[in-house]
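**Student:** Residue numbers (UniProt numbering), protein chains in the order written: chain H, 1 to 260; chain Z, 1 to 260; chain Y, 1 to 260.
Hints were generated in silico from the structure; no laboratory data involved. Be a bit skeptical, because a hint or two may be false.
Covered stretches of chain Z, as calculated for chain H (at least 3 residues, CB under 8 angstroms) [claimed, not checked]:
#: 1; segment: 13-25
#: 2; segment: 30-40
#: 3; segment: 151-157
The following label-pair restraints were derived from C-beta to C-beta distances [to be verified]:
#: 4; chain 1: Y; residue 1: Leu153; chain 2: H; residue 2: Ala22; range: 44 to 50 angstroms
#: 5; chain 1: Y; residue 1: Gly215; chain 2: H; residue 2: Arg185; range: 44 to 50 angstroms
#: 6; chain 1: H; residue 1: Gly118; chain 2: Z; residue 2: Glu213; range: 44 to 50 angstroms
#: 7; chain 1: Y; residue 1: Thr138; chain 2: H; residue 2: Arg185; range: 29 to 35 angstroms
#: 8; chain 1: Z; residue 1: Asp150; chain 2: Y; residue 2: Asp66; range: 36 to 42 angstroms
#: 9; chain 1: Y; residue 1: Arg158; chain 2: H; residue 2: Asp136; range: 25 to 31 angstroms
#: 10; chain 1: Z; residue 1: Arg46; chain 2: Y; residue 2: Thr4; range: 46 to 52 angstroms
#: 11; chain 1: Y; residue 1: Thr4; chain 2: Z; residue 2: Leu80; range: 23 to 29 angstroms
#: 12; chain 1: Y; residue 1: Thr4; chain 2: Z; residue 2: Gly2; range: 55 to 61 angstroms
Yeah, the Cβ is synthetic: ideal placement off N, Cα and C, and Gly gets one too.
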Amino acid sequence: MGETVPERTYREVMTCAAPPPATPLQVAARDFVFGAVWPRPGLSRRDRRWVTLTCVGAADAPEPIDEHVYAALNSGDIGLEAMLEFVLHFAVYCGWPKASHIEGVVRRQWARIQQERGAESGEFPLLDDATLGPSDWTQRLKRGVQEFVDVNLIPAPRPETPYIHAGILNFVFGHVWQRPGLSRRERRIITVACVAIDDSPMPLRSHVGAALESGDVTKGEMDEIVLQFAAYYGFAKAEALGSTADAIWARRDGRSAEPA
Amino acid sequence: MGETVPERTYREVMTCAAPPPATPLQVAARDFVFGAVWPRPGLSRRDRRWVTLTCVGAADAPEPIDEHVYAALNSGDIGLEAMLEFVLHFAVYCGWPKASHIEGVVRRQWARIQQERGAESGEFPLLDDATLGPSDWTQRLKRGVQEFVDVNLIPAPRPETPYIHAGILNFVFGHVWQRPGLSRRERRIITVACVAIDDSPMPLRSHVGAALESGDVTKGEMDEIVLQFAAYYGFAKAEALGSTADAIWARRDGRSAEPA
Amino acid sequence: MGETVPERTYREVMTCAAPPPATPLQVAARDFVFGAVWPRPGLSRRDRRWVTLTCVGAADAPEPIDEHVYAALNSGDIGLEAMLEFVLHFAVYCGWPKASHIEGVVRRQWARIQQERGAESGEFPLLDDATLGPSDWTQRLKRGVQEFVDVNLIPAPRPETPYIHAGILNFVFGHVWQRPGLSRRERRIITVACVAIDDSPMPLRSHVGAALESGDVTKGEMDEIVLQFAAYYGFAKAEALGSTADAIWARRDGRSAEPA
């Protein structure tokens, strides 16, 4: 008696057997989300998890957050260090309160996994202040400007408002984007999902455009990100993300129009 | 060669032909949203539009808001008066700013439809202040308390904070819920979609519970609302709505367990 | 023939005459939002603007953001420096993308106001790196821990995750909350509105509780914040904010139950 594709996919992704579907929603989750989205090639399981974690975190959906954090850690697809870096990156783009909640979930689900494996949970070790980067402001801001340019592929703004000076140049690009534990490509994927949730048009165009323009994310991968996002945050916002990506891709004048 | 089910459904719902799908998102919209959700029996097309309009409005997704407002009016499923009442009810539960944006869309799409039909658009006539209801505060609050009880099936709170007094008893139940142009059942459906977007647990349980308890919405209809919501606002929040509805339905003590 | 209370209130708040209401939404805006909420005593106009700016910013509703930023600056109730500090504080609690949008709005509306007054707009002067605070990590984190305790009235968490270390202790409390240009009380009001939008229960209880417990915000002022929030972000989330505040106030052991 074999598993169906949705059943096997659910088990691999959620690290437990799919409950028998009892409502139209659960049937659609099995057939669409686990039958038609997660198994697709074109985007790795780990990258799909980044999009999903961002969506469930932003959606404040308590059980899905618990389940997806547990599944990401328990599957081994995402390690604790990377998950904790995700929490900080998510805090920047979706705000501190939601990140605060996810951080609590990460701690609880990590402790649960340790317990299930008969391992000690213990406290997290204190982080070294050296991990905060250079403390010379001139050096930090110069490096932050460079990171802004490398990530966004446009000139950095002048440090003329608190938001730009203390926030963008000193903290977001002067520190967070440079932290090890998550690659720049992964940070781009998480950021794209966050700006799609917010759907302010300029950050959306900016981050989607930089992800594609840099080559860190191919158009095919972006199409898969859009679909993964549609499953967890809905087709309304996914449409804005998708049409933004399509318009940016279409404007790449004169380059070889390789298929997505 | 005839239309497929998704193609025909798209045309009926959106009042125009489906564009040929060019991305994975568009293929999934055709197959899942228009192939597996909209055509389902168990919830009327008009009721599905209320859920969808709420989702796209809350999602701030510019083109979907334009397209779904146009389609709802152009199809004849929803008239202008009911649409404007929807905007006010939505304002109560999702806030004035998003409602203000939708109201602009309603005006523009109405003008567009009139133009397409070669009819005069004209100004909206000023509304008569008599439509605001009683201006005797004692009478208004007494009636508001009664409406609160009839809608929520629990005692009304004491008017001891501005939110309850000026907001809930005077305005929300003292006026908005009583307005003609939308039935109570329709107001319940819109409210359930709004609280599902917000996913604050108490309003969610309260409004979903009252919708089911009153008999205005059957469990089968609620299951369809959950699925329609999942398509437009994602499976993460839909899970919270669905499990709330299922838990409330399961607790209905001693009543005949008619199947959903 | 004089202005009605709603008409005068609209003109004072929005710094322009109210358009004649032609839809149920606009009639309700006049009578409820500008007739029953804004004119209330118990919370200053400036404080009501902080709640409103937070709500419209988080709601991504383009025209209301433009209108309320313009009105806040044009009325003189909020100066440019305070508005720019708001953008950074809002970025922390509602995420960088939405803040990015508001910062653009602030620039454009400021330029519009300067133009209307026949004044030069000009560039914003570059900010001095000294405004970034101490660059010695040990000193910065020690001060951040103290600020965390002073604001939240609970012990600071151990710096054992990036979110806590680099984020909370180094940046949010190690810098942003200490910046001049916005008082701590105002930062509390903006934060309460932000956590109400997110409605993660623990940040909500924490920040609402600290605002009340510190005495910086009275229960009467908090009640007015709840109502202002209900108008601009909806009654569903306002319910969670209101009941959180009421529960915290009710638990104040053994104190005289003075009326709010």
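**Student:** Next, verify each hint and record whether it holds.
**Tutor:** Against the structure, the hints:
Residues of the segment 13-25 of chain Z with a Cβ under 8 angstroms from some Cβ of chain H number 4, which satisfies the need for three, so the listed coverage holds. Evaluation of the coverage hint for the segment 30-40 of chain Z: fulfilled, as 6 residues show C-beta separations to chain H shorter than 8 angstroms, against a requirement of three. Residues of the segment 151-157 of chain Z with a Cβ under 8 angstroms from some Cβ of chain H number 0, which does not satisfy the need for three, so the listed coverage is violated. Checked against the hint of 44 to 50 angstroms, the C-beta distance between Leu153/Y and Ala22/H comes to roughly 45 angstroms, which is consistent with it.
Checked against the hint of 44 to 50 angstroms, the pair Gly215/Y and Arg185/H passes, with Cβ atoms roughly 48 angstroms apart. At about 46 angstroms, the beta-carbon gap between Gly118/H and Glu213/Z stays in the expected band of 44 to 50 angstroms. Evaluation of the 29 to 35 angstroms hint for Thr138/Y and Arg185/H yields a pass: the beta carbon distance comes to about 34 angstroms. Taking 36 to 42 angstroms as the suggested C-beta distance range, the pair Asp150/Z and Asp66/Y conforms, at roughly 40 angstroms.
The hinted range of 25 to 31 angstroms is satisfied by Arg158/Y and Asp136/H, whose Cβ atoms lie roughly 27 angstroms apart. Taken as a hint, the range 46 to 52 angstroms is violated for the pair Arg46/Z and Thr4/Y, whose Cβ atoms sit roughly 37 angstroms apart. For the hinted restraint 23 to 29 angstroms between Thr4/Y and Leu80/Z, the CB-CB distance of approximately 27 angstroms keeps it satisfied. In this structure the supplied range 55 to 61 angstroms holds for Thr4/Y paired with Gly2/Z, their Cβ-Cβ distance being about 60 angstroms.
When the structure is compared with the earlier hints, violations turn up for hints 3, 10 and for no others.
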